[in-house]
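Model the full structure from these sequences, guided by the hints.
2 protein chains.
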Amino acid sequence: MSRQTLTFRQHSSEPAKVARLHQENGQSHEDQLGPEDVHIRFLAAPINPQDLMVVAGKYPVQPEHRHAGEPIPGYDGVARIERVGSAVSVLAPGNHVVPRAHGLGTWRSHATVPAPSLLRVSATLDPIAASLLKMGCGPAYLLLNSGARELRPGDWVVLNAATGVIAQMTIQFAKLRGCHTISVIRDRDDVDSARQQLRALGADTVVTESELAAPGAVASLAEGKRIKLALDAVFGESGERLAALLSPGATYVNYGSLGGAVGASIPLTQELLFWKQITFKNFRLSQALSQYSEPEQEDLLGYFADLFEKGSLQTPAVDRVAWEAGPRLEEVVLQALDDASGQSKRCVGARKKVFHFS
Amino acid sequence: MSRQTLTFRQHSSEPAKVARLHQENGQSHEDQLGPEDVHIRFLAAPINPQDLMVVAGKYPVQPEHRHAGEPIPGYDGVARIERVGSAVSVLAPGNHVVPRAHGLGTWRSHATVPAPSLLRVSATLDPIAASLLKMGCGPAYLLLNSGARELRPGDWVVLNAATGVIAQMTIQFAKLRGCHTISVIRDRDDVDSARQQLRALGADTVVTESELAAPGAVASLAEGKRIKLALDAVFGESGERLAALLSPGATYVNYGSLGGAVGASIPLTQELLFWKQITFKNFRLSQALSQYSEPEQEDLLGYFADLFEKGSLQTPAVDRVAWEAGPRLEEVVLQALDDASGQSKRCVGARKKVFHFS
Numbered sequence: 001m002s003r004q005t006l007t008f009r010q011h012s013s014e015p016a017k018v019a020r021l022h023q024e025n026g027q028s029h030e031d032q033l034g035p036e037d038v039h040i041r042f043l044a045a046p047i048n049p050q051d052l053m054v055v056a057g058k059y060p061v062q063p064e065h066r067h068a069g070e071p072i073p074g075y076d077g078v079a080r081i082e083r084v085g086s087a088v089s090v091l092a093p094g095n096h097v098v099p100r101a102h103g104l105g106t107w108r109s110h111a112t113v114p115a116p117s118l119l120r121v122s123a124t125l126d127p128i129a130a131s132l133l134k135m136g137c138g139p140a141y142l143l144l145n146s147g148a149r150e151l152r153p154g155d156w157v158v159l160n161a162a163t164g165v166i167a168q169m170t171i172q173f174a175k176l177r178g179c180h181t182i183s184v185i186r187d188r189d190d191v192d193s194a195r196q197q198l199r200a201l202g203a204d205t206v207v208t209e210s211e212l213a214a215p216g217a218v219a220s221l222a223e224g225k226r227i228k229l230a231l232d233a234v235f236g237e238s239g240e241r242l243a244a245l246l247s248p249g250a251t252y253v254n255y256g257s258l259g260g261a262v263g264a265s266i267p268l269t270q271e272l273l274f275w276k277q278i279t280f281k282n283f284r285l286s287q288a289l290s291q292y293s294e295p296e297q298e299d300l301l302g303y304f305a306d307l308f309e310k311g312s313l314q315t316p317a318v319d320r321v322a323w324e325a326g327p328r329l330e331e332v333v334l335q336a337l338d339d340a341s342g343q344s345k346r347c348v349g350a351r352k353k354v355f356h357f358s
Numbered sequence: 001m002s003r004q005t006l007t008f009r010q011h012s013s014e015p016a017k018v019a020r021l022h023q024e025n026g027q028s029h030e031d032q033l034g035p036e037d038v039h040i041r042f043l044a045a046p047i048n049p050q051d052l053m054v055v056a057g058k059y060p061v062q063p064e065h066r067h068a069g070e071p072i073p074g075y076d077g078v079a080r081i082e083r084v085g086s087a088v089s090v091l092a093p094g095n096h097v098v099p100r101a102h103g104l105g106t107w108r109s110h111a112t113v114p115a116p117s118l119l120r121v122s123a124t125l126d127p128i129a130a131s132l133l134k135m136g137c138g139p140a141y142l143l144l145n146s147g148a149r150e151l152r153p154g155d156w157v158v159l160n161a162a163t164g165v166i167a168q169m170t171i172q173f174a175k176l177r178g179c180h181t182i183s184v185i186r187d188r189d190d191v192d193s194a195r196q197q198l199r200a201l202g203a204d205t206v207v208t209e210s211e212l213a214a215p216g217a218v219a220s221l222a223e224g225k226r227i228k229l230a231l232d233a234v235f236g237e238s239g240e241r242l243a244a245l246l247s248p249g250a251t252y253v254n255y256g257s258l259g260g261a262v263g264a265s266i267p268l269t270q271e272l273l274f275w276k277q278i279t280f281k282n283f284r285l286s287q288a289l290s291q292y293s294e295p296e297q298e299d300l301l302g303y304f305a306d307l308f309e310k311g312s313l314q315t316p317a318v319d320r321v322a323w324e325a326g327p328r329l330e331e332v333v334l335q336a337l338d339d340a341s342g343q344s345k346r347c348v349g350a351r352k353k354v355f356h357f358s
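Each protein sequence line maps, in turn, to chains A and B. Count the first sequence with UniProt numbering and you get residues 1 to 358, in order. Count the second sequence with UniProt numbering and you get residues 1 to 358, in order.
These aren't lab readings, by the way, just hints derived from the structure by calculation. Check each hint, because a few of them may be wrong.
27 angstroms max Cα-Cα, derived DSS-like pairs, lysine-lysine [stated by the list, open to error]:
(1) B:Lys281 <-> A:Lys281
(2) B:Lys281 <-> B:Lys225
(3) A:Lys281 <-> A:Lys58
(4) B:Lys58 <-> B:Lys17
(5) B:Lys276 <-> A:Lys281
(6) A:Lys225 <-> B:Lys281
(7) A:Lys58 <-> B:Lys276
(8) A:Lys281 <-> B:Lys225
(9) A:Lys175 <-> A:Lys225
(10) A:Lys225 <-> B:Lys58
(11) A:Lys281 <-> A:Lys175
(12) A:Lys276 <-> B:Lys58
(13) B:Lys281 <-> A:Lys276
(14) A:Lys276 <-> B:Lys276
Reference listing, derived: stretches of chain B covered by chain A, where coverage requires no fewer than 3 residues with Cβ under 8 angstroms from a Cβ of chain A [unchecked claim]:
(15) 263-275
(16) 281-292
We put the beta carbon where it would ideally sit given N, CA and C, even for glycine.
Now the structure itself:
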C-alpha cells in the first residue's frame, strides 16, 4: 500500500516553503488499530484560508496528528472508512465521514484516527461537495441567519467576492429560502463566464465592482428591492458599496477582507445608522457554530448533504488538484499550496483548490 | 378657573416664533365631559427633543388635540384627574396619569381627553419623575438591553452626553443591574459639579471628552474592564472614542447626534469589526417599545415608578420652568422653548426643561 502525508516543518505564511510530502509503501505502525480507532482513506480535502492560517501559526486550534514528528495540516475533507477497531459500532467499512472538529489533518491519503473524531455522511454524496459541507456550506447557511431580522421570501441579499465557494453556496441557499441575490464580482478577464456560472447557480443579478461604482448604479440597482442583508468578504470600498445598497432595517455583515484590512475602513454615517437603521457586524464560523449543539451540527451537515443529493444544491465550481502517488505529487501539492496562498493575496478569480485523491 | 394652553401656528425649528399661549378664565365647552372623558390638570410636562421635532414638522405622529384651531404640542407629562365622565370606571378623581401614546398635547394646564388615552401611575410619585417615566426612563432602560449580548453583573457601560436625563437614568439602571459606568461629559465650565452630580447618582468614572482624547487615555481607562456597551448620543469623534473603549464582543449603540450628523462619520475598521467583533447599531425608542405589548408597557412604567418610590432611582436633575397663570407666563414658556431648541444646537450642559405647573 502506498500512503502519502503532508507535514510542515515550521510556521510560515508561505506554505510551499515549509511543507513536505512523505510517500511510503507497505504497512506502518499506524495500521495497527486500537479498539476505538478507524482507518480511513481520504477522497477529497479542500485548501481553506483557515488551513493556511494554521500553517502560518495564526490559528488557535493546532493539528492533533503528527507524522515523522511534524504536524499534519488540513482540517476539512471527506474520507472512506477502510477498517474499524474491535470496539467501534457506529461506523463500518464503506461509510463516508467528515471531521467532527478542527485539527484532524486531512492532507494525507490515509489516516488512523479515533472513531469519535468523525461524523458519518452519505456515501453517495459527491466527494467534492462532501469535503465542503462544513467550511463551504456551513458559513453560507449561517451567514443568511446573521441579519438583525430573519430573511423573508422576496428579500434580497447582496454579496461580493461572489465567485468564492461560500458565495456560490450563499446564492443557492438564498434561492432555497425564496430570496434573491445581487452578486458583485471583481473586474477580471472572464467576466462573462463568471456571470454565466453564477446565473446557472441561481444568481438573479451579477454586477462587477466597477459597474456598481458607476454614478447612479447603487440607486438604480436598489430601487424597488428589499435588500436586507449585505455579506461582505472584501471590505473597504467594496463593502461600502454593499452597505449603500441596503434597505432600511437591514444588516451589513463582514466575513473577510480580501480587499486588505490594513488602513481600510467603512465610514459609518448617520444616514446608515439613524436614517436607515443598518446594523454592522462581523461573522465568525466558530462563533456561529457554537450556537449549535453537536447533534444540531450533525443534523445541519446532514441537511446540506440531503440537499446536494436531491439536486437542490449544486457542487460549487472548484479547481480539482489530482492527488496521485508518484514522483510528481510533491510538486503538484506544493504548487497548489503556493497558488492558494497567493489567492489570499488577491489573485482575482482563482478558484478554491481541492485535493482529489485517486 | 384659569386655563392656559400652548399651540403653534405653523411648523418651525424655532418653536418660540410659532408658538403662542392662550390664557382663559371661566368655564369652556371642554369642561363638558362626554361619558368616556376625563378632565385633568397637568402637574409636570418636559420639553423633549421629540416635541421640538413635532413643532418643526419632523415627527411622524401629529398632535391629536387642538385649541382655537391650532395643534397643541407636548407629548410627555403627568396630570391629576379632576373629574371623570359617567362611564369611566378605571380612573377616579385624584388619580395621577401619564399619556398612553404620543400626541396627547401636554403643554397646557388643563385638558379633557378620553379615559383610554391615559395610564394611571402612583399619585405619591414625584411629578418630575413621573413626567419622565416614558421618554426619560424608557430609553435608558431599553438602551441597556440593546447589546448583542445581555449585560452581566460586573460589565461596564460607557456613555457620553452623560448629564442628559437619559444618561442620568442609564447610570442608575446600570447600577441596579450590578454594572458599572464610564460617563463622558463634554468640556464645560462646571466640570467639577457635573462630576459630583453624576457620582451622586452612582457613576463610577466620569471623564471629559478632552481627558478621553488625551494620548493613551482610552487604553488605560479600558484596561481590566469588560466594557460591553457604548451608548452614543453625540456621534462623530466622541462616538469613535466610545467605540475604541469597547471590549471584544461588545455593542456600540447610537441614539443621538448632538455633535452634529451632517458630514460626520465613525470609521468602521477591521480592528473593530473582525478583531473585536463589535456590533454597530442605532436605537429608536418607538422601535424598542413596539417589542412590548401594551400591558407590558404599562408594567414597565409601573416598575420605574416603584423604583422611584422605593428610592432605588433618583429623580434626574432638570430645570424646572414654573408654569404660573399670569401676564408673564407666555414670555417664560417661549423662553424655555427657545432655550430648549438651543440645547439641541449644542449649548453644552443645558439641562432638560420641565414645565412645572402650579
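Subject >> 27 angstroms limit on alpha-carbon distance, applied to hinted pair lysine 276 of chain A and lysine 276 of chain B >> reply: 24 angstroms, holds
Subject >> Stated coverage of the segment 263-275 of chain B by chain A [criterion: 3+ residues, CB within 8 angstroms] >> reply: As far as the segment 263-275 of chain B goes, the hint holds, because 9 residues have Cβ atoms under 8 angstroms from chain A.
Subject >> 27 angstroms Cα cutoff - pair lysine 276 of chain A, lysine 58 of chain B >> reply: Given pair lysine 276 of chain A, lysine 58 of chain B holds - Cα atoms ~16 angstroms apart, limit 27 angstroms.
Original post:
Given the hint that lysine 58 of chain B pairs with lysine 17 of chain B, does the C-alpha gap stay at or below 27 angstroms?
Top reply: 17 angstroms, holds
**OP:** Count residues of the segment 281-292 of chain B with a Cβ under 8 angstroms from any Cβ of chain A, then say if the count reaches three.
**Re:** holds (count 4)
**OP:** Would you check the hint for lysine 281 of chain B and lysine 225 of chain B, treating anything up to 27 angstroms between C-alpha atoms as holding?
**Re:** The given pair, whose Cα atoms are some 22 angstroms apart, holds under the 27 angstroms limit.
**OP:** Decide if the proposed pair is consistent with the structure: lysine 281 of chain A and lysine 175 of chain A, CA atoms, cutoff 27 angstroms inclusive.
**Re:** Since the Cα atoms of lysine 281 of chain A and lysine 175 of chain A sit roughly 23 angstroms apart, the hinted pair holds (cutoff 27 angstroms).
Original post:
Taking only the CA atoms, is the gap from lysine 58 of chain A to lysine 276 of chain B under or equal to 27 angstroms?
Top reply: OK: lysine 58 of chain A and lysine 276 of chain B at ~16 angstroms, within 27 angstroms.
Original post:
Do the alpha carbons of lysine 281 of chain B and lysine 276 of chain A lie within 27 angstroms of each other, as the hint requires?
Top reply: Given pair lysine 281 of chain B, lysine 276 of chain A holds - Cα atoms ~10 angstroms apart, limit 27 angstroms.
**OP:** Assess, step by step, whether the Cα of lysine 276 of chain B is no farther than 27 angstroms from the Cα of lysine 281 of chain A, and give holds or violated.
**Re:** Distance ~10 angstroms between lysine 276 of chain B and lysine 281 of chain A Cα, so the pair holds.
Subject >> Restraint check for lysine 281 of chain B with lysine 281 of chain A, where alpha carbons must lie at most 27 angstroms apart >> reply: 9 angstroms, holds
Original post:
Going straight from one Cα to the other, do lysine 225 of chain A and lysine 281 of chain B come out at no more than 27 angstroms?
Top reply: 22 angstroms, holds
Every hint from the earlier list agrees with this structure, and none is contradicted.
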